[in-house]
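**Student:** As a plain string of letters, each chain reads:
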Amino acid sequence: MVAMATVLQLSLRAYVPGSIDPGNLTLENFAALLKPLYARVFLNTVWICFLTAIGTLIISYPLAYALIHVRNPLAKSAILITAITPLFLGEVVRTYSWIIVFGNQGFINSVLLRFGLIDAPVQFMFTTFAVVVALVHVTIPVMVIMLATALAHIEPDYVKAAESLGAGPVRAFLTITLPLSMPGIIAGVTTAFTWTFSAFATPGLIGGGRVNMVSNLVYQLGFASFNFPFAATLCVAGLALTIAVLSLMRLATRSLEKIGPY
Amino acid sequence: MPRSRFQRLLGVLGILAVLAILGFLLLPLFVVATAAFSSSALPSFPPKNLSLRWFVNAIGYPDFRAGFWNSLIVTPWSASIALVIGATFALAIEHYEFRFKSMLEGVLLSPLFVPHFTIGLGFLVLAVQISLVNTYAVVIACHVILVLPFVLRSVYISLRNFDPRLELAAASLGAPPRRVLVTVTLPLLLPGLVSGWLFGVLLSFNEFTASLFVTGQRTQTLPVAMYNYVRDYSDPSMAALAVMYIVAVAVLLTIANTFLGLGKVLNVERRT
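Sequence order for the protein chains is A and B. The first sequence begins at 1 in my numbering and counts up by one. The second sequence begins at 1 in my numbering and counts up by one.
Excised from the complex, chain B in its bound form (with noise of 0.2 Å):
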């Protein structure tokens, strides 16, 4: 079918509206970017000299450090025992009907739309009550529930693209319940698994709302470290902390792409 000037048109026009808001998702990374290898304290547009001094400045800085180790203790506890619940809890609903399944899966699930300063208030009066302020306990529970919905959905999808025949075939040749679920499950959920825990690992590393209530000066994680920055001062330092930031994760994300198949994970590709 020929297409018609209006239908090219209206291509066009389309091209041309995803690359303005393209635009408008890297615009602040642009602008950041810019601001970061200037070597003047305020930003300024297009910047006059370049200089690396405030990459210097934020790696020396000594709560960005703290933060940075914070984060690094609390992130990967996290995404491993949420991943470890969310696995669990994944199966069983998968698997098994029995009562109160769609109540637990509502309150699996709640963390998406409770907002996290309430989440956050909730732990440290749970904290207060059980004496455990500023422990990392208490950040890396708090956590665990707030990325527990993103694992679980992570799980989920791959589970639903799992024959159970599979299954059925390895048991029906012998093999005992847990062998099957050694060698033919969780092989074969592995990608699910690996890519459930990555975006743990992601959300848990940003989190920022929640930590602010339940961390400590001892155990501020280094997205509330560069919220204190931001507050107290101005200078392009934290500019240069997010590029370290804005490469890190896109640099993640584009070999989670290549790997895992981000499409499939994020179940946005379309069904041939």
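For reference, chain A alone in the conformation it holds in the complex (with noise of 0.2 Å):
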């Protein structure tokens, strides 16, 4: 148990920049990360995390929403394998497939010249629409997973009493599921949005270098320049981002409590 806190410890504590040059303690490495060179990855990685998680939000909730829902057993474990088979795949498996599908002879850029849509391929490959779609699809398994933890603890009977006072199916929705799924929601919003922020090979092959992620510059600081330091720098920078953004999002919680039905 000692050893097992230690190496975490340890493993979290590795990092620290200037730990690897002994007797080198500066503070320029973070003087660095305001480079716009590095801002620049630094928003970017951001936007594809948020657009990630909300798009992973918006396609999860009514798989989630059926899986509890759904009464035949045979179309419950089919919704429940094919919602979490993607977890089990891999990033690697999972972005290779999407880079046939993307690719400038894919899947989808074959389909729409042989119906005659287009006249040269599309570009998909190398664009952050690209990287974004591979994320949910990486993302949904784990979001789909927390809402219906969330939609499973709902007591039906509070839908029935709203239904039975005269509350159609998008109001009872509306103002009874929707609002008691809020953990729910936050929860898969948050775990998406940090698993995002630690994707590697997605952005790294269908990004191609041309969208860049936090997790991508650390690796080339890494190996093609070994300025260990500095990406233990990012690091700890984005690791300090990633808490932010949960301390933001228990924030929201809390608040939402307040004015939610509970």
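Worth flagging that the hints you see were computed from the coordinates, not collected in a lab. Even for Gly, the Cβ is constructed at its ideal location relative to N, Cα and C. Treat the hints with caution; some may be incorrect.
Distance windows between CB atoms, simulated [said to hold, decoys possible]:
#: 1; chain 1: B; residue 1: L91; chain 2: A; residue 2: Q105; range: 52 to 62 Å
#: 2; chain 1: B; residue 1: V182; chain 2: A; residue 2: A237; range: 46 to 56 Å
#: 3; chain 1: B; residue 1: I130; chain 2: A; residue 2: P73; range: 49 to 59 Å
#: 4; chain 1: B; residue 1: P187; chain 2: A; residue 2: P121; range: 20 to 30 Å
#: 5; chain 1: A; residue 1: N104; chain 2: B; residue 2: K101; range: 50 to 60 Å
#: 6; chain 1: B; residue 1: L22; chain 2: A; residue 2: R250; range: 30 to 40 Å
Each chain sits in its own coordinate frame; assemble them with the hints.
**Tutor:** Here's what the structure looks like:
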């Protein structure tokens, strides 16, 4: 237990800048973060994470809802297996699949060309759009699990009560189910954000150097220029950013709880 | 209560939306399968001729083979160690009150939100310091940390559904603590432990980002080998490998769902 905690603590501590160059403690690395080149990568990363989290939420909610409300056990298992299989395929396999879908001779372009909808292949690869679509695909399983957990714990009687009091299905959903599933939504969006932040293969391969995220930068710095201290600085900054986002989310949850039906 | 036309429309729309989403989830898998069975080196749709040559190619590719064996070494060790540690901590956290309990929980769950490249870099630097670079030990240690939260969650959920009175009953009938643990607690927790281990296996087998940092040429795991291949070549051997991967995972998950009830493990079953 102690060994375990030490390793964890060390692993969390090892990337403190300067620890690789002993005696060379400096804040220069952090100052370098403000250079437009790096600042842009950070902004870009946050933007991609944000888009992915929202996209995943919109796509996952109906799926989680169906998973909880479908009565046929076979359909239920089919939804569950389909929804969570991507989780266990690993980033590389999924990213590769999307490369074949998006490539210039890929699936989408072949289909569009065949039906004469376009004359020349559309450039999907190396675009933020393609990266976000692939990342959404990667993040759906986690989001579905979190939303379904929240939805499963909503008392069905509440919805029935609302309906017996004359609320239509839309109104019952908006005033009962949606607010009550808010904890799941917040948890899901937070997790989606942090997972996307940690994505590497998807922006690396689909972005192909043109859509860069912090993870790719860290790898390049570490293995192409062996600038480990600065790579570590980026990690620390990334972690700080993640924690900041998490705290913001928690604050948002707290204020929601005040307004919400709790 | 008779359903209005509006409600029926809503239901149909809902079903269509869910089908479209499932289609979105399955689209890349379908496309990969098509590419894997086509005979041309550039994926074309629909494929002109069918062939299995990419499967032969993928199975014969030395880096894939080495990666597969490395993964077979790393994965069971990581999952098993994570299970032992996770189960111990889950039991301790559930049963005892102690200082720094919430801090311990936070530390144990931190790999969930600490980016994998950060953990990978941390372990790499650590490995350099204690001169363990390019060893399986570093890869395994790194994987243990990464899968621990999931194993912990799985064991934790089965502990929650566990009736502590059964332990008390055994104890009141004269069983010493160790006997209670072996004959009552562990057998009842078995499904949670097995599914936790399976989760660990699947996640460790697939772990890529951190592995990229901590593995060397000699210890590279299958996902790392695949990444290098995709970066350097573009023929569908990778698609063939992906198909084998997908089939294996789908079979495993179906088995797990049949025997363990994934819904219960993931805590998404509706309360009754």
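**Student:** Take the hints in turn and mark each one as holding or not.
**Tutor:** Checked hints:
About 55 Å separates the C-beta atoms of B:L91 and A:Q105, a value consistent with the hinted range of 52 to 62 Å. As the Cβ distance of B:V182 to A:A237 is approximately 49 Å, the hint placing it in 46 to 56 Å holds. B:I130 and A:P73 have their C-beta atoms about 52 Å apart, which keeps the hinted 49 to 59 Å range intact. Between B:P187 and A:P121 the Cβ separation comes to about 59 Å, which falls outside the hinted range of 20 to 30 Å.
In this structure, A:N104 and B:K101 meet the distance hint of 50 to 60 Å, their C-beta atoms being roughly 55 Å apart. For B:L22 and A:R250, the Cβ-Cβ distance of about 33 Å falls inside the hinted range of 30 to 40 Å, so the restraint holds.
Checked against the numbered hints above, the structure violates only hint 4.
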